[in-house]
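Those sequence lines, one after another, are chains A and B.
Sequential numbering from 5 applies to the first sequence in the numbering used here.
Sequential numbering from 283 applies to the second sequence in the numbering used here.
Some hints here could point you the wrong way.
Said to hold, decoys possible - Here are the computed lysine-lysine pairs in the BS3-like style, where the Cα-Cα straight-line distance is at most 30 Å: (1) K689(B) / K712(B); (2) K612(B) / K92(A); (3) K500(B) / K92(A); (4) K500(B) / K89(A); (5) K409(B) / K640(B); (6) K712(B) / K591(B); (7) K638(B) / K712(B); (8) K640(B) / K89(A).
Keep in mind the hints are simulated off the structure, nothing from the lab.
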Amino acid sequence: MIETDNFSSVKSQPIMLFCIVKYSKMLPTKENEMECYSMSENEDFDELEIEEEEEETLETQMRTKVPSGTQITLFFRSTIGPGEKIEKLSVNPEMGVSELKETLGGIFGLSPQDFHISIGGRTLDNDDVLSNYDIENGLECLIIPVSTAGI
Amino acid sequence: MLDYPCFNSGNLILKMIKMSNVSDFTSNKFTDEEKRRFDRQFRLPGWKQETLKKSTVLIVGIGGLGVEVAKNLAMVGVGKLILVDLDTVEYSNLNRQVLFIGAPEGVSKAEFAAKRLREMNPFISVKAYSCALQNLPPHLYHEADLYIAGLDSIEARSELNRRAIHNHRPLIDAGTAAYNGHVYCVFPFSNACLECDPLTEREQDQLGACTLVGVPRKPAHCILKGQLQFEQDHGRPVDIMKPKEISTVREYANTLLKAYFPGSQPFSPDQVIQIVDNHEATVITINCVMASLQSQEAVKILHHIHTPKDQKKLGSLQLNYVIYNGLTGKFYEMEKPRNPDCTMCGNTRAPLYRIKVKPKFLLKKIITKLAQEKKYQIDPEFPPSIFRIDSSEVNEIDWNSSLSEAKLRDYETILVTGLDDGTQIYLTLKFM
Numbered sequence: 005m006i007e008t009d010n011f012s013s014v015k016s017q018p019i020m021l022f023c024i025v026k027y028s029k030m031l032p033t034k035e036n037e038m039e040c041y042s043m044s045e046n047e048d049f050d051e052l053e054i055e056e057e058e059e060e061t062l063e064t065q066m067r068t069k070v071p072s073g074t075q076i077t078l079f080f081r082s083t084i085g086p087g088e089k090i091e092k093l094s095v096n097p098e099m100g101v102s103e104l105k106e107t108l109g110g111i112f113g114l115s116p117q118d119f120h121i122s123i124g125g126r127t128l129d130n131d132d133v134l135s136n137y138d139i140e141n142g143l144e145c146l147i148i149p150v151s152t153a154g155i
Numbered sequence: 283m284l285d286y287p288c289f290n291s292g293n294l295i296l297k298m299i300k301m302s303n304v305s306d307f308t309s310n311k312f313t314d315e316e317k318r319r320f321d322r323q324f325r326l327p328g329w330k331q332e333t334l335k336k337s338t339v340l341i342v343g344i345g346g347l348g349v350e351v352a353k354n355l356a357m358v359g360v361g362k363l364i365l366v367d368l369d370t371v372e373y374s375n376l377n378r379q380v381l382f383i384g385a386p387e388g389v390s391k392a393e394f395a396a397k398r399l400r401e402m403n404p405f406i407s408v409k410a411y412s413c414a415l416q417n418l419p420p421h422l423y424h425e426a427d428l429y430i431a432g433l434d435s436i437e438a439r440s441e442l443n444r445r446a447i448h449n450h451r452p453l454i455d456a457g458t459a460a461y462n463g464h465v466y467c468v469f470p471f472s473n474a475c476l477e478c479d480p481l482t483e484r485e486q487d488q489l490g491a492c493t494l495v496g497v498p499r500k501p502a503h504c505i506l507k508g509q510l511q512f513e514q515d516h517g518r519p520v521d522i523m524k525p526k527e528i529s530t531v532r533e534y535a536n537t538l539l540k541a542y543f544p545g546s547q548p549f550s551p552d553q554v555i556q557i558v559d560n561h562e563a564t565v566i567t568i569n570c571v572m573a574s575l576q577s578q579e580a581v582k583i584l585h586h587i588h589t590p591k592d593q594k595k596l597g598s599l600q601l602n603y604v605i606y607n608g609l610t611g612k613f614y615e616m617e618k619p620r621n622p623d624c625t626m627c628g629n630t631r632a633p634l635y636r637i638k639v640k641p642k643f644l645l646k647k648i649i650t651k652l653a654q655e656k657k658y659q660i661d662p663e664f665p666p667s668i669f670r671i672d673s674s675e676v677n678e679i680d681w682n683s684s685l686s687e688a689k690l691r692d693y694e695t696i697l698v699t700g701l702d703d704g705t706q707i708y709l710t711l712k713f714m
């Protein structure tokens, strides 16, 4: 069982605590198992037991929408390459992700298929636009590797 | 699977307090030889060798990462390791996969690795499965305390992610890309799973690359199309050792490149070879860093899982996505938010039920019974469809068959669609 006070919390303590409660709930315990159902008309089902997953809901996160048309300034930090670089870029929030990747590829000397952009832990989808993510003026975004190899 | 002492019995509480004071040095679970072997580990604060001994870890993919993780966990004394890999040993593995040194080319990776690990630590049990992770007997996913991924594709990761969510097991994923790597532990329903960040690019990538008619979306697709054209013309794959064949593909690719990506530099023979004979650049130093991080997280998670609630755990768990840059020596950490709309762990996911059943039960009756209990509607004229999903070949199962007739196994999960005009549910069958 995972205990609450032993989880590492990096930034947001309340969220972490919420997570742990959930995690402890999900482990199979006796309370999670539902009672035996018996079915008189068919003795086959004397021992049929149904167990259901813990009901659990997530709050939908609100995305901060930046008014379109206004340019915003973002910082991009590269986690790839021989030197850590941070570049400042003014972008239109309606800019497409693939277009932004082309631009950043040029600035950082990377091929667009070799990196993803990560904003607030979310990996940007090539077919999306920037404003669909939590962006705000002065935000730092990460340029992360597409590290799928392991064999 | 986890045994928790009953807290209302005074006797047991006493026993537990006593247990917490028993060190591995005086444990009766180890032979003298084991005690001598693990002596230096026994001295680690918070370490519980007994906990590791009773643990089971499933390692999927015995390559650059998997070999290192398996070696570490065997050395450390994890009681049972289950190794899964469909592949066989190739000479190009020997720059980094230490367990295969001396192995004949073509031998099963899982089996050869298991043999080596048993030699390295005869006190543990190692099981090998030379099959795709999709075809692994489902009860093994239940038996393992946690899963470790040493995979090279998004598809295989997705599949393992589903098993982790459905069996409520932590999944320790890692991956490398040249001098970079990442490690991420999925704790189902606690942090983001691997499906929380869906990328449309993934599907389109295959569409763009894998058909001759589709428009190439990336310059590299031109080479893949050249390769497909060659295979169609010659009825066999391109032999990269033959410069003439590479040049045929190159000419085709450069014609496409000119049409779709004007201004791009034409492909060199080297670039063509790298894409046709598609292998990731990879080196043992980066693999070892990532695999060691996976192994250490595994050791901690096993301690956490098996330590009773009121006792102190070993360290704290890393819930964040960790990136390593081997060229700068820097680590980066980011918190991955859960996606409320995630198809695997979000609010609208298909629910999963576990049912205790006998193999002779009819699927029809089990599902009808479940529908009654859980208030799902079944249209007698259009009964739900049942799909086998714990297999590399997904197929439909006859509604009128029994579990044994349908060859369904212990802890197998099936997908039932068409309840309430379209509702889907997952059912895990637990044999009595």
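Consistency of the hints with the structure:
no., hint, in the structure
1, K689(B) / K712(B), "holds, 14 Å"
2, K612(B) / K92(A), "holds, 21 Å"
3, K500(B) / K92(A), "holds, 27 Å"
4, K500(B) / K89(A), "holds, 26 Å"
5, K409(B) / K640(B), "holds, 27 Å"
6, K712(B) / K591(B), "holds, 27 Å"
7, K638(B) / K712(B), "holds, 5 Å"
8, K640(B) / K89(A), "violated, 61 Å"
Checked against the numbered hints given earlier, this structure breaks only hint 8.
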